[in-house]
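Chemist: With chain B held as given, fit chain H with the ligands onto it using these hints.
As they're listed, the protein sequences go chains B and H.
The first sequence runs 289 to 545 under our numbering.
The second sequence runs 56 to 355 under our numbering.
Treat the hints with caution; some may be incorrect.
Derived contacts from chain B toward chain H, CB cut-off under 7 Å, selection only [what the hints assert, rightly or not]:
| hint | residue |
| --- | --- |
| 1 | D294 |
| 2 | P333 |
| 3 | K541 |
Hint data in this document are derived by calculation from the structure and do not stem from the laboratory.
In this text, all values refer to a predicted model and were calculated from it rather than measured experimentally.
Beta carbons are placed, not taken as given, at the ideal position from N, Cα and C, and that holds for glycine.
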Amino acid sequence: MPCKKDIPKMLEISEIIRESEYHKTLFFKHSLDCKPGQFIMVWIPGIDEKPMAVSYLKKDEFAFTFHSIGKFTHTLAKLKKGDGVGIRGPYGNGFSIKKNACVIGGGVGMTCMSTLIDALKNPMVINGARNKDSLLFHKRYKNMITTTDDGSYGRKGFTTEVLNEQLKNEKIKIDIVYTCGPEIMMKKIVDICRKHKIECEAALERYMSCGFGVCGKCMINDKIICIDGPIFNSKQLNEMPEFGKFTRLKSGKKVSL
Amino acid sequence: MLTTTLCGIKLRNPTVLASGVLGVTKECFDRIGREGAGAVTLKSLCHEERPGHVNPTMFNDGTAFLNAVGLSGQGIDNAVKDFKRLDDLSIPVIASIFGYKIEHFGQVAKKISKLKPAMIEANISCPNIEYGTPYFADPELAAKVTREVKKNSGKIPVSIKLSPNVHNIKDIAKAVEKAGADAITAINAASGMKIDIDARKPILANKIGGISGPALKHITIRCVYDVYETVKIPIIGTGGVTYGKDAIEMIMAGATTIGIGAGIYYRGTDVFKKICNEMEAWMKNNKVKSLDEIRGIVHK
Ligand SMILES: Cc1cc2nc3c(=O)[nH]c(=O)nc-3n(C[C@H](O)[C@H](O)[C@H](O)COP(=O)(O)OP(=O)(O)OC[C@H]3O[C@@H](n4cnc5c(N)ncnc54)[C@H](O)[C@@H]3O)c2cc1C
Ligand SMILES: Cc1cc2nc3c(=O)[nH]c(=O)nc-3n(C[C@H](O)[C@H](O)[C@H](O)COP(=O)(O)O)c2cc1C
Ligand code: FES
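Chain B with its partners taken away, still in its complex shape:
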């Protein structure tokens, strides 16, 4: 019989950090063999199980960071040090690691970029959010330009405007753009990269049930996001008519983004 195992393992929360008004990070003293861009499934017994990116990764410790927005994350926000949650994974493919990178995170999408930024050596980072309260990790990195839609912190405007400016600046060399955030933003970034003929990798999000390629709920066109992705390159993204346009509900029904 093939020896495979995918079952939550109960781990104790070793530390909790409040990152902002809406974001919290939960730490676990457990070594996780994980590449930047991969994700884990987090189970709160009796509540639900959802995918989360890994936001801090050390030899014998990891963490994930969440935006408190619905039933599952509100329950996560109430947990205390010493409480247990079930963790399985990591799942998915992960980012490639390339030089002369520009990393763009939108809102809670910054969680997925954080271990990548740690792995790339001092990349340019563009971190955007709706407003100051929704910004995440805006003090964690040095070489970072911060934007807010309403100008309540950093530059007023969008991450795409900053990217366009940086690409015009001849002193800066960008060979690849990595991004995670609202899909509409990522779609614009992919389009900009195509125009400038530079590579791009984006982390996609869909409702997930299994995380290991069985339920079929995380499909985008013929790709299974949890195993073929969640990271896709420009070539793949350009061949996905649903990217930036449609998503699927928990039932499988196709709806506009």
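Modeler: What follows is chain H with the ligands alone, placed relative to chain B:
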């Protein structure tokens, strides 16, 4: 070497994607065709949209694969708009349907028939929803569902999917054959449960789920054996096929085609190609030229 005919439908090989594993979107089942399956079965659809159960809906603890997805689905009306037709893919499509009441089976069968699937499979045997129970355990009710689906499917052949969670699978098989079923799919997942002793809670949000994969195989072989003893219609032997040798075993028990679900989890979406290659290698080594030579051989 592997070509198989199921109810008059020509398959390039006997492997069939089992219902509920990845068969949610049209582009996905088209891909499974490209990955080597002989036919694909869609995730079961009913008369209404269903979100299914809360997560966790499945896991594998190393000894068994359990799921309680709870028959999530976009519902027949959304599916008709989404799929448009089911006869324009490179391989035959089997549309799996279910309902809460007997009339629902008829309504859904009628609507899905318009998309021209190669076959319709009535799932009367899901272990994870409450309305599932009566149809699969009672020969008379199973026969009623069969007649209702047949009445609404025109010339499209109909298979009835049976459950192992009964003591009388032979009686049920006989009843659905008599009611006009063109084939039998055996089997759906076997009822099971697991508790996380650290969390002190069942892992599945639905508490109880269905066992699939290698842990189910011996039960499947016995059920296929029993059904083959009882009826003349072909059997889609489903449950626990991971390697080519499992598929050969299923055919020796009497299956015409082989359903594969959890095999995708264990070996990837190209499991169909792998299993076919392994079947062919076994056949060559054993000088078997056609599967007909070994089909049901243990009954002789
Ligand atoms: C691969 C992957 C990695 C993920 N990583 C993280 C992570 O690191 N941190 C994190 O907080 N979340 C992450 N998510 C999303 C996460 O799994 C949950 O969907 C999210 O936390 C909301 O869960 P909930 O039950 O609390 O809210 P829900 O009850 O599902 O949602 C409440 C409301 O918020 C809306 N909503 C939910 N999610 C979003 C969103 N992303 N953008 C805009 N609106 C939304 C819903 O439509 C609904 O109206 C990830 C998802 C995937 C697929
Ligand atoms: C995740 C999952 C979802 C399933 N959903 C359905 C379904 O919707 N309809 C159905 O008839 N069977 C469903 N089944 C049962 C399978 O079609 C199959 O009968 C069973 O899993 C045994 O085959 P296997 O061991 O190859 O997986 C599901 C099985 C799994 C693992
Ligand atoms: S989450 Fe189940 S297939 Fe991707």
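Chemist: Indicate, hint by hint, whether the structure satisfies it.
Modeler: Consistency of the hints with the structure:
Of the supplied interface hints, the one on D294 of chain B holds, with its beta-carbon coming within about 5 Å of a beta-carbon of chain H, less than 7 Å. Checking P333 of chain B against chain H: minimum C-beta separation of about 4 Å stays under 7 Å; hint holds. Satisfaction of the interface hint for K541 of chain B is found here, the shortest Cβ-Cβ separation to chain H being roughly 4 Å, below the 7 Å cut-off.
Violated hints are absent here; each numbered hint is respected by the structure.
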